[in-house]
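Protein sequences appear in the order of chains A and B. Just so it is clear: in the first sequence, position 238 is 470 by this note's numbering, and no numbers are missing. Just so it is clear: in the second sequence, position 130 is 872 by this note's numbering, and no numbers are missing.
Don't read these hints as lab results, they were simulated from the structure. Where is the CB? At the ideal position from N, CA and C, for every residue including glycine. Honestly, I wouldn't trust all of these hints.
[Said to hold, decoys possible] Short, incomplete list of chain A residues facing chain B, as computed with Cβ under 7 Å:
no. : residue
1   : G385
2   : A386
3   : P398
4   : R409
5   : E428
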Amino acid sequence: MNVYKLTFWRVMVAVILLSAWQLFGGDLLSNPSEIGKYLVEYGGLNGEFWPDLQSTFQATAIGYFFGAIIGLVCGLLLAQSEKAAMIFKPYVLAVYGIPRIALAPVFIAWFGIALLSKVMMAGMVTFMLVFFNTYEGVRAADLDLRNTARVLGANRWQLFFRVTLPNASPWITAGLRIAIPQALVGAVVAEFIASERGLGFRMMENTGQLAMEGVMGGVLILMMIVVILNSILDKVEDYILRWRPKQSDTETN
Amino acid sequence: MAESEPIISLRDVSRVFHAQRGDVVALSEVDLDINEGEFITMVGPSGCGKSTALNVIVGLLDATTGDVLFRGKPSRGINKEIGYVTQSDNLFPWRTVIENVTFGLEMQGIGTKAERLDRARQLLDRVGLNGFENHYRHELSGGMRQRVNIVRTLAYDPKVILLDEPFGPLDAQTRLQLQDLLLELWQERAGTTVIFITHELTEAIALADRVVVMSARPGRVSEVVPVDIPRPRDIFSIQSEPSFRSIYDRIWEHLGEETKVAAL
Ligand SMILES: Nc1ncnc2c1ncn2[C@@H]1O[C@H](COP(=O)(O)OP(=O)(O)OP(=O)(O)O)[C@@H](O)[C@H]1O
Ligand SMILES: [Mg+2]
């Protein structure tokens, strides 16, 4: 199938789905034209979208930043010591197993309904993903490569920075990468439960008023943000890990 | 006399691996003296402990009993004077070809960055890899990887170089060319000692001052065969040397017995 045909069929699927939605949507699903109207108003130059986005984004960014750093450092440290790793392993797994959304009410009880609990939610989610991935990545270090580096004259520090760390970099970047949309989701979930502003807050407000076009509009906005973030992150990851064989290299076509 | 002191001596070296299904004796009472500047090749059936011997010599593995002496002194831990071209290429996949070659120089802080790159480029040229400096491991063929692996060790000129079946994945023609080149590079580095593992008898004879024949497990030295073919040698016609045939037969005889034992 060539590019034009492919694009044509993709557009057709969208047109058919949207038309069906428009015709049969009803009250609970709202419909595309209502949602469109809402989005234009909400997202317009003077719309409330921008302060909402700013609030959610701020909480996500701060939480992500600290969660990532602390996760990275803890992951690297724990992986250094065989004993510590053995002792902490079941606890790490248990904490990792907590459904992260279940923490939102806890954090709101602890940190209130302002910025802090959203930051903590985003931070916690990021921490867990980055910590776990970093830890696994360092533990998976290739013994033969380490030995080769030692024979070539690497000391302990060089071994860590020139072999262990780059060797773990696919895991670490994977953690950092999945954590970005997840941190956003964490912040939005905190907003759902209790907050004063933000994208999640706006969706709950619309739900309360049974304004389904606003709720659906909110879902669309979150979807778009995550899609855009993912495509940017794909590019960044491809660049950082350019030394890795591409999936398609080994496929026959 | 200090001059005739061997650079490496194995004294009664044994190595046992403890595995779930019982212990494996990989090396048993190996005694061997290697002189400075010598080119030693090692042959023996698969699994007889050749790689283990190199791991013990470089210090990645401890001997279970016995001693490894370097210039007469017991050596502990990794010996910085020894370079090791391992059986699998072990290139760092996150580094380009040229960054792999400069790794040793970089770790040991030898030269400026420009000097290191310059040196690496020259060596890559010699092994026919110019134009591949910025490739990553996954973009190279098996033979190219192995050439980078060799050059990475040659780059920092260790006093002793261990090579574990370095030409394994190569076709016959490339193999001959690289044997020739290796001898050339070795002769340029006066006093460099080489221990080279192979399963190719012709290769073992063509390169060596002495061929160490190992027996099947538990690995012992069953025979050390001197190769008195004068240097510089012509790799491409070594088989027509008058003494080649008798050396070949003598090694084959020892290898033959042991391979039969291994096959039982
Ligand atoms: N780390 C290890 N743990 C357990 N057993 C080992 C280990 N390394 C090697 N062995 C065993 O020791 C024996 C010798 O292995 P070694 O790799 O030295 O053989 P080799 O002569 O190099 O063989 P090849 O020619 O196939 O490379 C083998 O039986 C192998 O199973
Ligand atoms: Mg081996």
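Checked hints:
1. Among the interface hints, the one on A:G385 holds; its C-beta lies about 4 Å from the nearest C-beta in chain B, closer than the 7 Å criterion.
2. The restraint placing A:A386 at the interface with chain B holds, with a minimum CB-CB distance near 5 Å, inside the 7 Å limit.
3. The beta carbon of A:P398 is positioned within 7 Å of a beta carbon in chain B (closest approach about 4 Å), and the interface hint is therefore held.
4. Of the supplied interface hints, the one on A:R409 is violated, with its beta-carbon coming no nearer than about 17 Å to a beta-carbon of chain B, more than 7 Å.
5. This hint is violated: A:E428 has a C-beta 46 Å from the nearest C-beta of chain B, more than the 7 Å allowed.
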